[in-house]
Each structure stands twice: as structure tokens, then as C-alpha cells.
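> Residue numbers (numbering that gives the first Met the number 0), protein chains in the order written: chain Y, 0 to 177; chain X, 0 to 177; chain S, 0 to 177; chain E, 0 to 177.
Rather than coming from a laboratory, the hints here were simulated on the basis of the structure. For every residue, glycine included, the Cβ atom is placed at its ideal position computed from N, Cα and C. Heads up, a few of these hints could be off.
To be verified - Short derived list, chain E residues pointing at chain S, Cβ under 10 Å: (1) G9; (2) V36; (3) M67.
Number of protein chains: 4
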Amino acid sequence: MSEGYSLMIGGEQEPVERLRPIFETLAPAADLGWGHVGPSGAGHFVKMVHNGIEYGMMQAFAEGFEIMKGKTELGLDLYQISEIWRYGSVVRSWLLDLAARALAEDATLSTLKGWVADSGEGRWTVAEAIDLDVPAPIITLALQMRFISRQDESFAAKMLAALRNQFGGHAVKREGDS
Amino acid sequence: MSEGYSLMIGGEQEPVERLRPIFETLAPAADLGWGHVGPSGAGHFVKMVHNGIEYGMMQAFAEGFEIMKGKTELGLDLYQISEIWRYGSVVRSWLLDLAARALAEDATLSTLKGWVADSGEGRWTVAEAIDLDVPAPIITLALQMRFISRQDESFAAKMLAALRNQFGGHAVKREGDS
Amino acid sequence: MSEGYSLMIGGEQEPVERLRPIFETLAPAADLGWGHVGPSGAGHFVKMVHNGIEYGMMQAFAEGFEIMKGKTELGLDLYQISEIWRYGSVVRSWLLDLAARALAEDATLSTLKGWVADSGEGRWTVAEAIDLDVPAPIITLALQMRFISRQDESFAAKMLAALRNQFGGHAVKREGDS
Amino acid sequence: MSEGYSLMIGGEQEPVERLRPIFETLAPAADLGWGHVGPSGAGHFVKMVHNGIEYGMMQAFAEGFEIMKGKTELGLDLYQISEIWRYGSVVRSWLLDLAARALAEDATLSTLKGWVADSGEGRWTVAEAIDLDVPAPIITLALQMRFISRQDESFAAKMLAALRNQFGGHAVKREGDS
Numbered sequence: 000m001s002e003g004y005s006l007m008i009g010g011e012q013e014p015v016e017r018l019r020p021i022f023e024t025l026a027p028a029a030d031l032g033w034g035h036v037g038p039s040g041a042g043h044f045v046k047m048v049h050n051g052i053e054y055g056m057m058q059a060f061a062e063g064f065e066i067m068k069g070k071t072e073l074g075l076d077l078y079q080i081s082e083i084w085r086y087g088s089v090v091r092s093w094l095l096d097l098a099a100r101a102l103a104e105d106a107t108l109s110t111l112k113g114w115v116a117d118s119g120e121g122r123w124t125v126a127e128a129i130d131l132d133v134p135a136p137i138i139t140l141a142l143q144m145r146f147i148s149r150q151d152e153s154f155a156a157k158m159l160a161a162l163r164n165q166f167g168g169h170a171v172k173r174e175g176d177s
Numbered sequence: 000m001s002e003g004y005s006l007m008i009g010g011e012q013e014p015v016e017r018l019r020p021i022f023e024t025l026a027p028a029a030d031l032g033w034g035h036v037g038p039s040g041a042g043h044f045v046k047m048v049h050n051g052i053e054y055g056m057m058q059a060f061a062e063g064f065e066i067m068k069g070k071t072e073l074g075l076d077l078y079q080i081s082e083i084w085r086y087g088s089v090v091r092s093w094l095l096d097l098a099a100r101a102l103a104e105d106a107t108l109s110t111l112k113g114w115v116a117d118s119g120e121g122r123w124t125v126a127e128a129i130d131l132d133v134p135a136p137i138i139t140l141a142l143q144m145r146f147i148s149r150q151d152e153s154f155a156a157k158m159l160a161a162l163r164n165q166f167g168g169h170a171v172k173r174e175g176d177s
Numbered sequence: 000m001s002e003g004y005s006l007m008i009g010g011e012q013e014p015v016e017r018l019r020p021i022f023e024t025l026a027p028a029a030d031l032g033w034g035h036v037g038p039s040g041a042g043h044f045v046k047m048v049h050n051g052i053e054y055g056m057m058q059a060f061a062e063g064f065e066i067m068k069g070k071t072e073l074g075l076d077l078y079q080i081s082e083i084w085r086y087g088s089v090v091r092s093w094l095l096d097l098a099a100r101a102l103a104e105d106a107t108l109s110t111l112k113g114w115v116a117d118s119g120e121g122r123w124t125v126a127e128a129i130d131l132d133v134p135a136p137i138i139t140l141a142l143q144m145r146f147i148s149r150q151d152e153s154f155a156a157k158m159l160a161a162l163r164n165q166f167g168g169h170a171v172k173r174e175g176d177s
Numbered sequence: 000m001s002e003g004y005s006l007m008i009g010g011e012q013e014p015v016e017r018l019r020p021i022f023e024t025l026a027p028a029a030d031l032g033w034g035h036v037g038p039s040g041a042g043h044f045v046k047m048v049h050n051g052i053e054y055g056m057m058q059a060f061a062e063g064f065e066i067m068k069g070k071t072e073l074g075l076d077l078y079q080i081s082e083i084w085r086y087g088s089v090v091r092s093w094l095l096d097l098a099a100r101a102l103a104e105d106a107t108l109s110t111l112k113g114w115v116a117d118s119g120e121g122r123w124t125v126a127e128a129i130d131l132d133v134p135a136p137i138i139t140l141a142l143q144m145r146f147i148s149r150q151d152e153s154f155a156a157k158m159l160a161a162l163r164n165q166f167g168g169h170a171v172k173r174e175g176d177s
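With the rest of the complex left out, here is chain Y (with noise of 0.2 Å):
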């Protein structure tokens, strides 16, 4: 049985109104996790942003779980962390019990490229904010994480490895060094 999906309905109410049974269907209750929040373009504008906010969350857990990682003497289990997390912490969360089943399957994502697309809404978001002068720092930064996460090499390391050769004499690695 299907848990049913959150709903942010934008337009007139009429049509809301008439398509209220889908609504009340698709949600995971009749009256819970769907709403009309406004005119047409505002079911998309808050869906939206749930996924700018979404990015924000998933980087925040990320970060945590690399600095548990890198921490090596301590012999963390993440999988066991991430299941102590799901009951009675702060960080409780559905993205968190998705942590703990990905790292259930695979406790050190071994098998996984580190490379994430992104579908949108995470850079509509931040052109919003930016639009709207709202800093949205959080937001931003794990949207450019996802651009790292995507390239072979950066063209801004190596301007950085030149400059510093040039300034300090400091060594450069060159294609092909190991």
C-alpha cells in the first residue's frame, strides 16, 4: 500500500475544488499532505523551493557522513549511526531513514560514482532568491556541489596550482604524475 505523495496545488478555486478527489487520493490522507496554496504558478513555486530546501538537507547529511568517515581512528559504522539517528534525534528525518537503507545495502557506498545530477529545480530555486535579493547561501552552495560532483577536472584548481607555482615556487602535479 502506497503512503500517497505531498500535493502543493496552485490556481483558481474552481478547478481545485473539481479536482479535489485526485487530490484527496493521490495525498497521503484526505486532509493531510496536499493544499491549495495560491494562484496558478504557486503549487510550482513551493514545490520548488521543497526542492531547493531538499538539496540543503541531503548536503547537510552528506557532509556529516564524510566527516564521520574521514575520522578513521574512531571506527565509526555509519549504517549503525544512521539507525541510531532515525529515533529521537534532531536530524530525524525521511531522507535520514533513506540514508540508513542506502548504507544498509552497501555500509560504504563502495560501489557508487560520486556524481549527481540535477534536474532543475535546485538552480530555479537560487535564480529566485537571487531575483528576490533572499541570500540563499545553503541552498546555492549545494547546488555548485553538485557541479563539482560532475566534473573531470577544474579548470579554477588548476588556475589556482599555476598561480601558486608562479608566486611561491611551489610544485605543481602535471598530467601524468602520479
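Since the structure of chain Y is provided, determine the placement of chains X, S and E on it from the hints.
Using the frame of chain Y, we list chains X, S and E on its own:
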């Protein structure tokens, strides 16, 4: 009746076993929401990272709600949206439940000052990340946004205003200007 | 006598050649500080990126000076330091010359408000970077710090304060509190 | 003939005066590019912040050049642009001179790896900023971008890929995939 809270225990096996009845009582359930995660210090480390993640998640929600508030022409009801998202959305979480509760009490948070303390775990998480060479941009920025929230004025921003005035003759605002 | 200014010209070869005397006159020297960089639009693009870089450089200086100002026990003289750095340092630059000039006029910038406008090039640079999937975190954050400088209050920070109050009973500051 | 280098001296008055001939000789000029900035430790502190600013400036240039490189339809010549900017632009600086020199040697930096070391001053600057509650987002991110440049793979990105796969059935890339 309390729901218990998440416990991350570090230490040697013997004392952890000896104290097991305490942990099973404080945790959400005897076998849920707590665990022996590693040697002495490991529990505090994991709890620290938990709080770092929490900083990032909170900031993600905060930015998203500010973007929606800024989109005034849509007249969005932030409380309504927080309730919708509690069921069936990707961002459903305990922090969202709390956001909904806070917005139910005061839908515009008009009585609050945007002044945000930090009790140390965020900065320790950042220090550990840097020590481990792990990039943690979201968690770090979430910490720094709290610093910003506590500043009456920003010397950095004054410097920017001074520089723009120097090179472009851009108008500056003086103390006492409206 | 003016030192001329940098010119980045886009367009077809013929008109650029025809207007060459103008460019050679406006530029710092006939053969320095100007160039035909590409087709129509290329000049504006390059100037736009120039300004994006400028945002990042300004913010870097602004943060550095704020850190030195914050280290009160050392009693640092920011004007003196800006002058020292103008000769032989890695950060010597025209922006530093301007910082020194501004600090010479008012060593604590006490008469200025930390309110920083932006005239568009920064946000266009960020939009282009996102469109090109290029991570530009420094330039983006420098833009967002300007947004922050113009906010009387931060709704995001209010949300953080509200969340902390909900989960931890952490004290909040109310409007009217000192 | 050397141009000398910038010197920031901390310590008591007497030894600074005694060593003055050394400072006047090493500095760009007897009365330029060096100074007694405060008590013992102050010189190192100021030099540390100098390097933090340098990190931010370098990253700003690096991002700008990467954006221009990404705009392939304009066919921009990064070396040409760096030379133009050296005269009369707002971003003219010694670091830009070095960028021009590096691009003159290899216009696409094709022989370099984007692997960037850090020798400590950046992380100490960030630690000081956090200790002083001063937001320094640009400097901090510039440091973290160096961490990223040195990672063969990102565990955080793997976690993001795993989460997207869990909630959306989004395809992941496996090790060995092209």
C-alpha cells in the same frame, strides 16, 4: 509520556553493558535510538557531527521559508505549507514538525529577533572537518550565518561600501542616514 | 592626467578597427589595457566576469580586515597594515590601494553604514556560471553577502531562533529586548 | 635586482629598532612595505590574515577564468584577457600579473593537474575567524575548494547519489561505468 532521546555511547564494552539499563530506559525504545558507537570519545564525536548536520538542515529550511516569504505576490501561507510538507514530502522531518509548530504560534515570526546563538558543536564540527581535510561548506556556512545574525553591524560590509565609494563614486550611507 | 581605463571590446573586425583611435585614447596606453576579445557581446561578457571577480576580491579583503579588527588584544592599525601590504605583498592590488585610501580617511570606517548595493554584474555572473554548470562559490557568496548587508532583519534567522526555541527551549530574543 | 618583500613585524620596540637595518634592506624600500604592527605574535597574525585574503583573491580569479573558459561559443583567449585587465581595470593586481604569466606559458593550463596544496595559513585564518565569531565565508570556502581539489572521490557526493537513487529511482553511476 516522553518519547525518549537518541543516545550515542562511547567507551569500553564493560561499562557500556553495565549501564545498558539506563540507556534502554532513556532511549526511544530498548533497542532503538541508542548504540555503542566506539571507544571513549566516539559518542561525543558522533553527537557533535549530528549537531553539525542539524545546523545545515535548519539553515536549509530557514532559507526556503525566507524565499517563499519574499515572493509576496503569491501570498503564500508559510504555516499551511509547513503542514502540507509534513506528510509525504521529501523534506518531512522532526525539524519541519517544529517549524510548523512555531509558525502555528506566530505565522510571521514577527515577535522574534533573528538572533541565533550557537553552543559549540557547530564550530567543533567545522574544526574537525578542516583537521581532516574534509570539505563541509554547508555546515560551515550555517555556522557563519549564526555569527552574522548576532552582528549589529558588519565591518566587512563597511569596507565593501568604502571600496565602492573609492572606485566608482558609488554613494555610501552614513550613520544617521535613513 | 587620467590613467585611462580597461576596455574589452566585442564585435566585428571592421567597426573595431574603425573605432580603434577611440579605444587607444581611452585605454591606459595605445597598446595596453584594451583588446578585441570576440564577437558582439563578448566584451560585455568579459566585463561582467571582471566585475564578478571584483566582488570576490573585495569580499576577501573585507573579511580579512574584519578578522584583524576583531583581534582587539593586538591593537592592529588597519591603515598601517594596508599600506605595508601595498609594497611587495602577494595581495598588492588596486583594490588594496583604495582600501588604504579609505582607511587613511577614516581608520575605523565609523561614519559608514555597512550597506552595499549591487549594480547587476555580480548576479549576471552567477546566472551565467549556473547556466554553464561552473561552480563559482566565492563569487556567489560575495553577491549574497551584499544582500545580507541590505537586510534590516533576516527572516531566515528568525526561523532558526524559532526552531532552537522549539527543540531545546533555547531562549529567544523578542522585539523590544535589548 | 630583487623588488623586496613585505614584512609585518611583531615584538617589543627595542629589538625591532635594533633589527631595523635588516627590515629596511629586505623590504621593497627602506620606508615602504614593512612595519612594526604590534606585540610579539602580531606580525605572524597579520601575515596569516594576508594569506587568508590571498586564498580568497586567488579563488575569485580562478572562478572567473573558469566561467570564461566555459563560455565556449565566445572563443575567449584567457591570456589576452588577463593582459588587458592588467592595465586600468579594477582587478589589476600582482596575482593577475602572475595569472597572465602562467597563461602566457600555457594558455589552457593543459599540462597542470588541478591539485592545490595548502600550507596552513588558510586554515589558521578560518580557525581565528571562528574563534572571534567573525563570518569569513569567502576565505573559508577558498580553503575548502582546495580540499576538494585534492580528493580523488567525494564520499559526500556518493551519499547524495545514493539518496537520489533511494527517493527518486534516479540512476546512479557505478564504479567502472563510463
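> Regarding the hint that G9/E lies at the interface with chain S, is the smallest CB-CB distance below 10 Å?
This hint holds: G9/E lies near chain S, its Cβ roughly 8 Å from the closest one there, short of 10 Å.
> With 10 Å as the cut and Cβ atoms as the points, is V36/E at the interface with chain S?
holds (6 Å)
> Holds or violated: the hint that M67/E contacts chain S, with Cβ atoms closer than 10 Å.
holds (5 Å)
Taken one by one, the earlier hints all hold for this structure without exception.
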